[in-house]
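Colleague: Spelled out from the first residue to the last, the chains are:
There are 2 protein chains.
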Amino acid sequence: MSAALLDELRAALGAAQVLTGSGADGYLTDQHRRLTGRALAVLRPADTAQVAQVVRLCRQHRTPIVPQGGNTGLMGAATPDDSGRAVVLSLARLNRVRAIDTDNDTLTVEAGAVLAAVQQAAREAGRLFPLSLGSEGSCTIGGNLATNAGGTQVLRYGNARELVLGLEVVTAEGEVWHGLRGLRKDNTGYALRDLYVGSEGTLGIITAATLKLYPLPQAQHTALLAFGCIHDAIAFLGVARAGFGAGLTAFELMSDTVLGLIAQHVPEQPLPLALEAPWYALIELSDSEGEQHARDRFEAVVGRAFEDGLVSDAAIAESLQQSDALWRLREEALGEAQRRDGRNIKHDVSVPISRIPDFLAATDAALQARFPGVRPVAFGHLGDGNLHYNVSHPLGGTPADLFAHEDAIHELVHDSVHPHGGSISAEHGIGQTKRDVLPRYKSAVELDLMRRLKAAFDPLGLLNPGKVLAPASLRLHEESPHP
Amino acid sequence: MSAALLDELRAALGAAQVLTGSGADGYLTDQHRRLTGRALAVLRPADTAQVAQVVRLCRQHRTPIVPQGGNTGLMGAATPDDSGRAVVLSLARLNRVRAIDTDNDTLTVEAGAVLAAVQQAAREAGRLFPLSLGSEGSCTIGGNLATNAGGTQVLRYGNARELVLGLEVVTAEGEVWHGLRGLRKDNTGYALRDLYVGSEGTLGIITAATLKLYPLPQAQHTALLAFGCIHDAIAFLGVARAGFGAGLTAFELMSDTVLGLIAQHVPEQPLPLALEAPWYALIELSDSEGEQHARDRFEAVVGRAFEDGLVSDAAIAESLQQSDALWRLREEALGEAQRRDGRNIKHDVSVPISRIPDFLAATDAALQARFPGVRPVAFGHLGDGNLHYNVSHPLGGTPADLFAHEDAIHELVHDSVHPHGGSISAEHGIGQTKRDVLPRYKSAVELDLMRRLKAAFDPLGLLNPGKVLAPASLRLHEESPHP
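Chains as they are written, first to last, in the UniProt record's numbering: chain S, 1 to 483; chain A, 1 to 483.
Hints were generated in silico from the structure; no laboratory data involved. Treat each hint with caution, since some may be false.
The calculated label-pair distances, taken between Cβ atoms and stated as ranges, are [stated by the list, open to error]:
1) A:Asp448 / S:Gln264: 53 to 63 Å
2) A:Gly126 / S:Gln321: 35 to 45 Å
3) A:Gly396 / S:Glu173: 52 to 62 Å
4) S:Ala46 / A:Gln60: 50 to 60 Å
5) A:Gln60 / S:Glu331: 39 to 49 Å
6) S:Ala46 / A:Asp358: 26 to 36 Å
7) S:Asp415 / A:Gly126: 43 to 53 Å
8) A:Asp448 / S:Gly228: 53 to 63 Å
9) A:Gln292 / S:Gln321: 26 to 36 Å
Simulated coverage check for chain S against chain A, where a stretch passes if three residues somewhere in it have a Cβ under 8 Å from a Cβ of chain A [unchecked claim]:
10) 101-108
11) 157-171
12) 185-199
13) 414-427
Some chain A residues close to chain S (C-beta under 10 Å, calculated; not the full set) [as the list claims (entries may be wrong)]:
14) Asn148
15) Val154
16) Val176
17) Leu180
18) Arg184
19) Thr188
20) Gly189
21) Arg193
22) Gln220
23) Ile234
24) Leu271
25) Glu427
26) His428
27) Leu447
Only a predicted model underlies this, so the values are computations on that prediction, with no experimental measurement involved. The C-beta atom is built at its ideal place from N, Cα and C for all residues, glycine as well.
Build the full structure now, drawing on both the sequences and the hints.
Modeller: Take a look at the structure:
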């Protein structure tokens, strides 16, 4: 039966676009290199019609489909299981920009376009597409939408969901929903668009999107600020939101531990401030007027906060080079320092901003009580309440010692997030990695509604099965007590 | 059986909160006074637990439920049918502000709170809740969310859907989904929140919401600008978006016909400009710095557009009184002028901004060809592509003559919207009024997905049946050709 399917797929796509054997290897391991699956084949359709045809053929053969964009996800959503029954459907060849409409401030692009290429296409049209994240050089817009990607500009522009107006989606039946509307207001029925966004390929396969564009800022200003305590950082966030309005486009928090790791492990990246405060933030002002106004405004707001004692130290970038250096600190040196320090246990959580101080104090204390000496490496998008609360091994210990307790540490952190009104996955999604812990933090009512959605949109369970939710026949952990 | 249900409802809510006879009358007629239904009773629960209890009792008795907020909807979504079988469930008594969190910039409020009271609660906390629309003095936040309300600030802040972070919802089974999260990032499953928003009470009953707050602007500046053609108005929208950034909070288009009607019928409202151009726009700049900066910025951007010939005339408000007078023109005089001119046929449509000129030209021409002399009264939220394209009777004719062709005129306008990539309901929803025309403009694929959602969330079809979609057993127009 699978041989017959392969023959039909080769006839539909051309044999060169049906990869098996070693040709498929690059698609079967996840970004973290912690998960490797197997697949009947990797399929590389050329356009939406071919995607729909693939889905119909797979449906006839009851063959599961794992959609894949740039394969940069962190939760294993794009990696097949090890049964070898599924096909991986790569959207990589659907990468055309279909239209740019500058009067409407929209860009219509296919799912496989790399995010950096989408940003570039917008820039060439004199517009900003603001979605920005570490993997932008290889992640695809389809994957960004399927996982509702976040990144560093969410504070101003929202998550991927807020940046899309319309979608084209292939349904589980292999039909095409032509929802590529370039409308900012459309109240003609249920929010299918928003439902597909963030569904990780389990409800339908996104093949194209109409995205929102924004004016390019005339000037940007960045600084690294020091705060005497986390409460001051939060108070200054409020000051900056009021003072800069929507001009505040980044507020990236880092603890002294984080900057200390950079100082220790990445000496080629100089720190612009003395390490004398517990908390730091990289902030960015995007200005619609110009360089001088950005500078004046920045100095007025930050200067007043400095005089008020809210900011204890500040390094303000005086040039584009200095600004780039500050961003490198956050975007590159931070990751590199953690790698050189030894692999750590990562979390992507969010809590209401007002509860961050309590969350940090409670979680730090619980960790030290149970795993003395572990080092919390806390940073993230403060303006979104999104913390990457990573846990590194005790000094003198090893990553291997730490990872022996990986599940327990995840559970401790997530068990602390939950009573603080938080989320155990702020921007990375669920995939397969967090699937079986999700029921611990979701009510039975919500899980039931999610299962109904899955059953309604994919009654045969062929779209990325086992991601987000356990397959219907298994329903792992369904009876878990809800804490 | 209905007597037994009424007894149980009285026991649950108290007899005073189960209205029958003339006590129910105010809840059975829609805002436009064009639809009147009947109901077994009008129920006024006090809290979420009572709402859930009502749903469970109605479910046991297989009794349909029509949720109702401020009863200001324009599509009849909150009005029961004339069978008298349904209950109307008024959320009006669930009107508490549950929490305000200024560090997190969120406000949690119950569904029955009046929008103006929500705005006021935010203002008292030093924050802005930006949703703003004509009926804000009586519409409720629950209704705003259930219909994904728009209004005048969408350009900057988005529709109601973009303004909500979390929801509390009573499901069709009478269970409570506790989704009141105050998180700007949460990727732990399907977008239930976004699905309930805009579903017009057909998938669940919203009982509370956690809303986003914003800083209050430091200053606002308004002007009425004149444009020599619609293309110039669109070009200036781009200039204003680039020049003001997110400070551009309103761009309300009005045709010369619209201002002419005001001049003719509302002489107590003076026009600040000579009526010599075909198009006008009320624009508003909200500034995070202060009065002087707002004024300087405004004059720089508008002044340059004036010199470039993009703006042909301008009345810039020099005081709060002048600004209020401009807004009164748009918010009050415009409606009053239409009323005094005689009832007209209203449309709430959107098209991509770039296609507005073609849409207007094509629709005006088609109307004149078929109904010579009718007067298009076009105004709306240009920045959102949202036009209220109303049609008034020919001079010398009467509204009654016009309304003899009501269905044909609706169809002509909507048939013009569709090929321009537009929506037949930008911000007013579907309800019962547009339900049976929707299948003409939606693909079979989309309607089928919507029906699956309805069946998944409300398998017995008791939540606001016959709104948005025809009841499953009827499926009117299902076979209509999709143009």
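Colleague: Of the numbered hints stated previously, which ones are contradicted by the structure, given in increasing order?
Modeller: Structure breaks hints 5, 7, 22 and 24.
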